[in-house]
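Colleague: For reference, the chains in residue letters:
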Amino acid sequence: MIRATLGLVVGCALAGAAVAETAPADVKFGEYGEVAASLTGSAGDPASGRKVFSERSAGNCVACHTVSEMVEDVQFHGDVGPSLDGVADRWNEAELRGIVSNAKNVFDGTVMPAFYKTTGYIRPGDAFTTKPATEPLPPLLTAQQIEDLVAYLMTLKE
Amino acid sequence: MSQKYALIGALTLALAAGASQADPVEDTLVVNGEIEMTTVAPAPEHLGGALDVVRSGWLYRGDETRDMQRDDFENPAMLYVEAAATAWSTPEGTAGKSCADCHGDPESMRGLRASVPKVNPNNGELWAMEQFVNGCRTERMGAEAWKWDSQDMRNMTALLSSVSRGLPVNVAIDGPAAPFWEQGKEIYYTRYGQLELACANCHEDNNGRYIRADHLSQGQTNGFPVYRLKQTNLVSLHNRFRGCIRDTRAEPFEIGSPEFVALELYVASRGQGLSIEGPSVRQ
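Chains as they are written, first to last, in the UniProt record's numbering: chain A, 1 to 158; chain B, 1 to 283.
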């Protein structure tokens, strides 16, 4: 009996999350590639976003970007992309959400990957296994991870 | 007056060079005190200005790794070259022949590495060194073909590369090679995988920069096969191609596939004029 009730509660919570979350194909990009609405319907958590930014198995944004604030505790920052110090002074929240979801809409032909996109790839693979994968692929990051990243980027003011 | 200007010019240059610590080093490579390597060459015309100069991957590696390549006693790849020298003169297959029986010394192969892949006039296919080796094994020796990425094959390509060291890369890209070259070029500029990255994104647009801990070179082929300290073994060029495409979260082409041989020709042509260094050392 208790089990059944718990199951029901979890089921509801999941359904609730699915309703509020915007799927990659449904994201509304503005004229300049910005995304006004939160992908989860709520604000992200900057501390989690900081982790997504630095961890190789998550966003691995440090592969291409430096942030001075994290050079002490995260090794090996790449410099293929610009330093993100003060990035929140240059872009607002909607623009940052757009850049992280699909930077190609903001910077034409950029090397920055689209982190919330599932189709339109050439020879897509199943992560790093070399095996082929069928579209739609899981996006590189979840809606929650994108929101957490946006919240973290918003703290980068000078 | 003009002296002062010259001085200021030099200072500005030094500053510009210092500004990006990610630039390749300036250093000269002489192997065994005698083989002088060209590690920087003018960019071939067919690149249409995409690169100012072409640079060996050697210039992008750390001091210790670079030093290992200066002397065959320090270069761990030479053990594999020795193993291949033994295989070279060991009879195999139903004809009871060794490579040496038909070709004499391995030195008779000097020049081959600098010119492959090239079109095989007998069948019109573009052939890499591995295919020429297997052609001899199956047709002239009655021996079994070696797998493209087998230890035996990597050893043999290391031996055959070593005897061409110091010669400039000089692959034919016109005539019958032209369509293969075009195919390779197309692959080079295609943005594969979920990360949507082409060879050019990393090795043309961003060489000299770091992607995480990796110092991006121009992705030249003149050092192959390379000895990788990380793998403690020889790594074939197609294995490297495969790894680079895998890292874009894509499904790579097969090692030894016509696509990779075409890509090999195209990438080799981007390094025309650089010395053959293989087997070189990488971290």
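Treat the hints as calculated values from the structure; they're not laboratory data.
One or more hints might be untrue.
Quick list of in silico lysine-lysine cross-link-like pairs, DSS-like style, CA-CA up to 27 angstroms [said to hold, decoys possible]: (1) B:Lys118 to B:Lys147; (2) A:Lys131 to B:Lys185; (3) B:Lys185 to B:Lys97; (4) A:Lys131 to B:Lys118; (5) A:Lys131 to A:Lys28; (6) A:Lys51 to A:Lys117; (7) A:Lys157 to A:Lys104; (8) B:Lys147 to B:Lys230; (9) B:Lys147 to A:Lys131; (10) A:Lys104 to B:Lys185; (11) A:Lys157 to A:Lys51; (12) A:Lys117 to A:Lys104.
Colleague: Against this structure, judge whether each hint is valid.
Modeller: Now for the hints, and whether the structure bears them out:
{"no.": "1", "hint": "B:Lys118 to B:Lys147", "verdict": "holds, 20 angstroms"}
{"no.": "2", "hint": "A:Lys131 to B:Lys185", "verdict": "holds, 24 angstroms"}
{"no.": "3", "hint": "B:Lys185 to B:Lys97", "verdict": "violated, 39 angstroms"}
{"no.": "4", "hint": "A:Lys131 to B:Lys118", "verdict": "violated, 30 angstroms"}
{"no.": "5", "hint": "A:Lys131 to A:Lys28", "verdict": "violated, 32 angstroms"}
{"no.": "6", "hint": "A:Lys51 to A:Lys117", "verdict": "holds, 21 angstroms"}
{"no.": "7", "hint": "A:Lys157 to A:Lys104", "verdict": "holds, 24 angstroms"}
{"no.": "8", "hint": "B:Lys147 to B:Lys230", "verdict": "holds, 23 angstroms"}
{"no.": "9", "hint": "B:Lys147 to A:Lys131", "verdict": "holds, 21 angstroms"}
{"no.": "10", "hint": "A:Lys104 to B:Lys185", "verdict": "holds, 23 angstroms"}
{"no.": "11", "hint": "A:Lys157 to A:Lys51", "verdict": "holds, 18 angstroms"}
{"no.": "12", "hint": "A:Lys117 to A:Lys104", "verdict": "holds, 11 angstroms"}
Checked against the numbered hints listed earlier, the structure breaks hints 3, 4 and 5; every other hint is satisfied.
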